[in-house]
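There are 2 protein chains.
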Amino acid sequence: MIIDGLGFVETEYFEFDELKLENGEKLSPVRIAYETYGELNADRNNAILICHALSGDAHVAGWHRGDKYPGWWDGMVGPGRAFDTEKYFVISSNVIGGCKGSTGPSSINPVTGKPYGLEFPVVTIKDMVNAQKKLIDHLGVRQLLAVVGGSMGGMQVLQWVVSYKDLVKTAIPIATTAHLSPQGIAFNEVGRRAIMSDPDWNGGDYYGGRAPERGLALARMIGHITYLSDESMREKFGRELKNSERYGYDFSTEFQVESYLHHQGESFVKRFDANSYLYLTKAIDYFDLANGTTLFDAFKGVKARFLVISISSDWLYPPYQSREIVMALTANEIDVSHVEIKSGYGHDAFLLETGQLTHVITNSLQKQRVQDLMIEREPLVMHEKMQMKEAAKRMIEGEFTHLPIGSRDGRLIGIITAWDIANAVANGYNLVEEILTEEVVTAYSDELIGAAAKRMEKHNVSSLPVVTTDNRVVGIITSDCISRLIAGDERRNGNPET
Amino acid sequence: MIIDGLGFVETEYFEFDELKLENGEKLSPVRIAYETYGELNADRNNAILICHALSGDAHVAGWHRGDKYPGWWDGMVGPGRAFDTEKYFVISSNVIGGCKGSTGPSSINPVTGKPYGLEFPVVTIKDMVNAQKKLIDHLGVRQLLAVVGGSMGGMQVLQWVVSYKDLVKTAIPIATTAHLSPQGIAFNEVGRRAIMSDPDWNGGDYYGGRAPERGLALARMIGHITYLSDESMREKFGRELKNSERYGYDFSTEFQVESYLHHQGESFVKRFDANSYLYLTKAIDYFDLANGTTLFDAFKGVKARFLVISISSDWLYPPYQSREIVMALTANEIDVSHVEIKSGYGHDAFLLETGQLTHVITNSLQKQRVQDLMIEREPLVMHEKMQMKEAAKRMIEGEFTHLPIGSRDGRLIGIITAWDIANAVANGYNLVEEILTEEVVTAYSDELIGAAAKRMEKHNVSSLPVVTTDNRVVGIITSDCISRLIAGDERRNGNPET
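Line by line, the protein sequences are chains A and B.
Everything in the first sequence is counted per our numbering, starting at 19 for the first residue and increasing by one.
Everything in the second sequence is counted per our numbering, starting at 19 for the first residue and increasing by one.
Heads up, none of these hints are tricks.
A pair holds if it fits inside one copy or across any two, identical chains being indistinguishable in the list.
With a straight-line Cα cutoff of 30 Å, these simulated DSS-like cross-link-like pairs (lysine-lysine) come out: (1) Lys321 with Lys183; (2) Lys385 with Lys321; (3) Lys44 with Lys260.
Think of the hints as simulated: they come from the structure by calculation, not from any bench.
Based on the sequences and whatever the hints tell you, model everything.
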């Protein structure tokens, strides 16, 4: 066992008073289990949120002390990995309704002092996202550079960009759908029915007694078949027998594939709560982004750009369901790329094909534009005889070291720095026009951040006013954020072995 | 309710002493439930055997008194239908291990006087076919003009042509495979586990008590999802709710597709035995025609011609599994046609697409050749001074009205009829050469039966010697058999509305 990548990490907890739910009820109090990796930059705009699937949790990457395995997407998250923790502040949290530290049906119901069981309200993907929003605010994140997730995690991604249009810069939904198919609902319902048919389930009130392990194991076995492909099962198991060369002519576990499924079922019941399985599959069934309108309408006004990833052999969330998302986005003139990962692993490929995923996601994240990382800021509007004191005051209030000065129509006419003001004091100048630097290095809002970073380096400045093509000031971009994003690449390019 | 097609039919029963099974055990006694439609012709060579799938039975077509629905493939079997009961003698039987009248786990174990339960031996597809062979013999069938079946029925078809190479003329396996895929095994195992996890299953010993209905319903629900396609479920159910326009935010049955599955599960438990479900799925899992060799080897020496039918949207037995069969047959230079039915219905299309199936099967059956229907018969070898008495004796022994006379090397040199002999007696002739008709109308063994029938009609004869291209006699074909096969077509062509 090599503890590489992020090394040891720990789950943290955030509690808040109350969450209003889609069904009209309130959940109170709400606890969110979460992990973060990397550091939030000073501009608080380098955060990436990772959303987990049905059986996932907040422990995306790194190692918990004593564990045999790292987090569920460790290959994707860490220094130098697709979600490079030297560049990004990566956040993940357990969904509400789950059983991995966030409030769910196994949590104590404050009204009764006992576990909720079926008294827990039915939560939706939207409710999960709203709870995550509280966490994001709590962490002081100003924007989400990206929201990413596969399967149920992908549904959360789609809900994020619709619920919080101004917050998300890039959306990366993987192997998911904008509304679960009836086939998907059918498989979920059979799983739920397996749990609810287990006498140990006891109407959901089994905490402290025997858990409905047979039912939950069955549900997991059904689910697991849908996560693999016919092809991958043939390659992995074929018709191999487990312990014998001949048929036993009895009902013991005989084929390798049976043994594998039983193992999946048995290990799952040790780590998952049956009621959470009911609640989360129900949330998945209910997910329908169009919500009575059309998918085209649902994406109206969405500002994020998209990287939609599907998997060629995924028959649970087949590629046509990703293409449906892509078409609705394109019809809304939203910037979208669609990559279909060629893989025989089926739905599970979103966890397994880290090589291909790293390639397409890294490429996409490197295409961040200046507008994705700038701080929106209006310039100080210049008027005749503007006093230096007015500029200094604005500078101190906003904690800026650079202050763009604009004309009445917002066009950039110059910049002043703290150094300029000190110089003015030393030399007895009093008017802004006396110290204004009119030749200003700028960044364009839609250029790639790499280009802006090079310009900063070349001119040895720590921030650039961001302007549109007609020279209107829309914000400012700082070297703190940019250098962090660029540094990782340069380090790796210089020494590809690390 | 219109009682059309075959009208009312009844299930019959055939019992025999003992069947030796693949696992080395013996099943004794064995009862087979069966139905037959149409009439066996005098040559006993117009029989077609239909094999049923997992949940099917001997009641393929026609109506049982009091039933709301006809047999499970009624659209395919009856006067003027694909398996035209005016031409063919159609046989179907319930498989052993089943629960529809043939001996299975719910039958009485003669050793204990109680139902077998898990004491019933594990039977295989080969065992089922061997039991059917006993029935075929009992019915006096000399050859099977065709053996046909879908899904598990198709497995029996494949086993028939391999186990009884000389008996089957045409094999029509539909939506099936030569060996179940690990995905198929996985679904079956989850279904079995659902039954065996139900406390009411009680180790298989539940007869007279509560049957494991929850487990069996679950198994059926799982199975049913695999019989449909993603596409057909979207078209049939979409995301429609059952009774409401809004989500109920609870765990009741809410979506149409859930309601449909529950109905399937609930109605299945009323008509099927849970232990039979275990045994039949196990037989399906075990099925592997290659049996340790290759599929190419398995088909060596097979004499039947094949019509292999797959279904475009079938993901349980996908078309590639039919192509695998076709390739192994082709490599053995066996006459094979492959038709892929274009249908969105998934695996279930083999029950639903009766229009397309009728078209391809009728076409195939009309391509019966003379050799498929002739009675193999060696000619009487002519020698000098052969006495008329010798010919008359052979004629009476074989109950022939026409006796082909051949040379020593088997070539046809003439024919004599009962009329010729009567004529000889009247005129005092004594030698065969005196009454021999040397100009003989013949049929070629590989010509289509339609052509031979026309020749018979033109020359007003009731049988034709069948010869190879070098004029060797290989058999005889009679008008009884042929006219029956042709009559139906002419009737329909004359009045297409009937």
